[in-house]
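Participant: Sequences are here, hints too, so could you generate the full structure?
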Amino acid sequence: MTLDPNSKGLDRRQFLHRLTKAGVTITAACAAGFWFHDSKGPFPSEHQQSNLDLKDFSLDVPKQKMSIVRGEDRAVALRTALKSLGGIETFIKKGDRVLLKVNAAFASPAMLSATTHPAIITEMTQLCFRAGAASVTVTDNPINDPGSCFTLTGIADAARRAGAGVVLPREDLFSPITVKDAKLIRNWPVLYKPFTDITKVIGMAPLKDHHRSGASMTMKNWYGLLGGRRNIFHQDIHGIIKELAMMVKPSLVVLDATTSMMTNGPTGGSLSDLKNTNTMIVSTDQVAADAFGASLLGRSIDELPFIGKAQAAGIGTADYFKLNPVMTSI
Amino acid sequence: MNIVTTRRICQGFFLVLFLGFCAVTTLGDQWWQLRGWPVNWMIQLDPLVGLATLLTTRTVYSGLLWGLATIVLTIILGRFFCGWICPFGSIHQFVGFLAKRKQSIPAKIKLNQYHPGQSIKYWILIFLLTISTLELAIDLIRLPITHRLLFGILMLAALTGLIFRVVRQASATPGKIGRVFLIFIAVWLLLGTFFNTYQTSAASLQIGLLDPIPLLYRSINLVILPLVDRTSVSVSTIPRAYDGTWLIAFVFLSAILLNLAVPRFYCRFICPAGAMFGILSRFAIWRVGKTKNECIDCGLCEKNCEGACSPTSQIRINECVLCMNCLNECRHDLMTYQIAPSASGEKFTPDLSRRQFLVSAVSGAAAIPMLRISGRLEGSWNPALVRPPGALTEKMFLSRCIKCGQCMRICPTNVIHPAGLQGGLEGLWTPVLDFRIGTSGCQFNCIACGNLCPTAAIRPISIDERLGRNRYAEQGPIKIGTAFVDRGRCLPWAMNRPCIVCQENCPVSPKAIRTREVFNPIDTGSALIVAKADALYIEFQGTGPGMDQWATGDYYTVVLPSADHRPRRIVGNWERGLRVAEGLPFELPPKSGSRVEIQIRLQQPHVDPEHCIGCGVCEHECPVPGKRAIRVTADNESRAPEHALLLKR
Chain R
3 MTLDPNSKGL DRRQFLHRLT KAGVTITAAC AAGFWFHDSK GPFPSEHQQS
53 NLDLKDFSLD VPKQKMSIVR GEDRAVALRT ALKSLGGIET FIKKGDRVLL
103 KVNAAFASPA MLSATTHPAI ITEMTQLCFR AGAASVTVTD NPINDPGSCF
153 TLTGIADAAR RAGAGVVLPR EDLFSPITVK DAKLIRNWPV LYKPFTDITK
203 VIGMAPLKDH HRSGASMTMK NWYGLLGGRR NIFHQDIHGI IKELAMMVKP
253 SLVVLDATTS MMTNGPTGGS LSDLKNTNTM IVSTDQVAAD AFGASLLGRS
303 IDELPFIGKA QAAGIGTADY FKLNPVMTSI
Chain S
-2 MNIVTTRRIC QGFFLVLFLG FCAVTTLGDQ WWQLRGWPVN WMIQLDPLVG
48 LATLLTTRTV YSGLLWGLAT IVLTIILGRF FCGWICPFGS IHQFVGFLAK
98 RKQSIPAKIK LNQYHPGQSI KYWILIFLLT ISTLELAIDL IRLPITHRLL
148 FGILMLAALT GLIFRVVRQA SATPGKIGRV FLIFIAVWLL LGTFFNTYQT
198 SAASLQIGLL DPIPLLYRSI NLVILPLVDR TSVSVSTIPR AYDGTWLIAF
248 VFLSAILLNL AVPRFYCRFI CPAGAMFGIL SRFAIWRVGK TKNECIDCGL
298 CEKNCEGACS PTSQIRINEC VLCMNCLNEC RHDLMTYQIA PSASGEKFTP
348 DLSRRQFLVS AVSGAAAIPM LRISGRLEGS WNPALVRPPG ALTEKMFLSR
398 CIKCGQCMRI CPTNVIHPAG LQGGLEGLWT PVLDFRIGTS GCQFNCIACG
448 NLCPTAAIRP ISIDERLGRN RYAEQGPIKI GTAFVDRGRC LPWAMNRPCI
498 VCQENCPVSP KAIRTREVFN PIDTGSALIV AKADALYIEF QGTGPGMDQW
548 ATGDYYTVVL PSADHRPRRI VGNWERGLRV AEGLPFELPP KSGSRVEIQI
598 RLQQPHVDPE HCIGCGVCEH ECPVPGKRAI RVTADNESRA PEHALLLKR
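Top to bottom, those sequences are chains R and S. Remember, the numbering used here sits 2 above the position in the first sequence when you count from 1. Just so you know, the numbering used here puts 161 at position 164 of the second sequence, and the rest follows in order with no gaps.
Simulated from the structure, these hints should not be mistaken for lab results. Cβ coordinates follow ideal geometry from the N, Cα and C atoms, glycine included. Hints may contain errors.
To be verified - With a cut-off of at most 30 Å between alpha-carbon atoms, the simulated DSSO-like pairs for lysine-lysine come out as follows:
hint, chain 1, residue 1, chain 2, residue 2
1, R, LYS42, S, LYS99
2, R, LYS311, R, LYS182
3, S, LYS392, S, LYS105
4, R, LYS185, S, LYS105
5, S, LYS645, R, LYS311
6, S, LYS105, S, LYS300
7, R, LYS185, S, LYS344
8, S, LYS344, S, LYS105
9, R, LYS42, R, LYS57
10, R, LYS195, S, LYS645
11, R, LYS185, R, LYS96
12, S, LYS344, S, LYS300
13, R, LYS311, R, LYS251
14, S, LYS645, R, LYS57
15, S, LYS289, R, LYS23
16, S, LYS344, S, LYS107
17, R, LYS251, S, LYS645
18, R, LYS324, R, LYS251
19, S, LYS645, R, LYS182
20, R, LYS185, R, LYS57
21, S, LYS645, R, LYS185
22, R, LYS23, R, LYS57
23, S, LYS107, S, LYS97
24, R, LYS85, R, LYS277
25, R, LYS57, R, LYS85
26, S, LYS97, S, LYS344
27, S, LYS392, R, LYS23
28, R, LYS195, S, LYS300
Stated by the list, open to error - If the Cβ cut is set under 7 Å, some of the chain R residues that face chain S in the computed set are:
hint, residue
29, HIS19
30, ARG20
31, HIS39
32, ASP40
33, SER41
34, PHE176
35, GLY229
36, ARG231
37, ARG232
38, ILE234
39, GLN237
40, GLY300
Facilitator: Now the structure itself:
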């Protein structure tokens, strides 16, 4: 901007104009300065407590249910197990939005049984839709690269073919969660977003050996909901499994022991790690399911302290006979 | 008194004051050392620091409010800060004066002609400020998503304004204005959905790289004073050492020496603060100018014109640093400082095209996100980057640190150093701890750096908070890292030598370094066989080592085979035998022919990470001279929960 050199000095109008602008700028600067003034300095941000927790998805049933089916075909076994408990309609109502928390931890093929088998994902999704479910979503926060895991395990393909949605763990889907009465899961990032619009949660886990905790079953499966640098929790593995079981109150859990990983868990990697135990467990009580699973691995409940801890926390019972499990063979 | 003399006295005063502030920023027992002197005052007066931190943090921290005084005075008077206050400007002016004092008048006038390159400082200002504005800008772009109601109200207000304008102005084209308005809203909405929430922590502060006041503090603190320390007028008890100051010195020296080519080179071409003052002086009430357009065009007014602002013709108000030399030089008293604009006309906006503005702004906006692709602020953070106690989480820290070096200057033990690339390019010259340099580790009872930091990048913590006492008892002491023993280099672990200097010096109580006692057999060459012995003496069949070689108090002996495996401390030895301490004599004298094993008692250090605060005293004291056998990394630092090493019990 240029002033005309021929203008004769400064006229009153010009001067007042300038004075006003200077005044306005000064006022604005002073207002901003005092408005934003901070005499104390910042506080560390970690003091923000999260009160977020997962909803209770457990069913309002008078007695916990459990079904154990012997058979080689896992899809048929799953269907049979659910039928023996009164059919899928007992658990899934019309309009339900169902979340399947699968174990997609490793980018390895389904035949190595390190992950939930696609066949039971297909079967469960179809059954849910048959019972009138409005939507089925499959999710997990795997250990290996998520895209590779969901693809190579066949889980994404199976889910999509059956009409389920697949949610990969993007960073913005995590929120800090504080589990009531928990010591470890406080302000910890959890794969929360997929749970927000859901009415039923089904945990679907393969039965596996696990070097640190002894066994990876339905309760340990929730580890895949944790975000952040979660491996710090291996310093107290039984404590974290107990708290995970406190955090997720599922509608139903499925423990697939058709082919179990007996050694070299939880990754396995060889067919020689596997054994055909030909069993499918479906239960509303995750502690009971895991207690029965332990017997298939040839481990006593004492060897798996997380089971006792979960029972003591009132999550379920390790004495699965109390549930009068329905035993079927196909 | 002549106005130019007044200006010189004022410049001298502030330069001496500034240098004084730097010199007294020393912890010590002398009266002149830090005793509450307002040593940050010059930084606080610099409104660019205040403005840039306002953009990144949305606060004006404590004394930075002083910048407001400078802003207000600049709006009224023009760039008085550059010509009258700025110590860096004064140095430039003085060096420039020395360089050109013997030149002819025409040569001097030529040196002070306006150069189009003087607009570069505005590019720099825009570049540096956009870096700081990015997070604010993204939040604004996300406004339609985060604050729907506010966005609606804003748009409604804008629409009302537009309609009002269309109705009032006959020449307006409602169709075109409407289209532009709709496109504007559509683009905003689209952009708003484009950015995710977790991407918004993009605030960074790079103003300190070139802002003259932090630059000068840094250069004096880390280059000039350490050089003075090595002379007889040393201000520190032990000369200060700083890592990687060559680049700081290079920038400083270049800025000074460029005055030999062009006076006030830095002020005219580089200085972002000067650029900001230039923009602020636009509405200045008083300004330099001519009272009459007609003059003999002698050009003397430009002989010593510090700002190169063309007072002869159309004066550039935004370049004028109010040196007032033109008032002095004009033989016809045509130059004056007045309310009326110059009779020869004036310019008061920088020569900056819209294109240049966009280039600077876009590069500024892109710079930090591009640097952060490295992942250095997430998973691949550098554990060697140990920050001072009270430092904010890295992102918040980088949005406040102006690289002024005040923390490095005040640190009593000289462990705080300007980072090279440990924290990425973004963290250049930010404080990082190096425990090998300096007089000790980070002192247990010291909170000096945080209480001096002018922008609270290092928070002003209390001793109670640092040590986890009283109301901070539950959260425990502030940890800046964790010490790790390198068992391959540690004397008791790897070399059968007693040491535990680290354990002794650990200031935490109970100690965060514990020891475990082990007795290691030593190689005596040939086997030592008992010739004869009693309760305290053993005589060998052959010969052992020289006189009293095992009498240090650390050597023990066990006789094999024997039911009694308790090691007995050797109090003396000679070539053919040894004597053990009287406290534990042999109950049965060792049999002739049995083998004598010599053991060394070692205490091997173990770090208890639950109690270690990462102060690095152990690393400083470790006698392994090169790479220490116990070293601190930022693992488990309190400021970043995601750097936790241990599960809380």
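Participant: Checking each numbered hint in turn, tell me which of them this model violates, lowest number first.
Facilitator: 1, 3, 4, 7, 9, 11, 22, 27, 28, 29, 34, 35, 37 and 40
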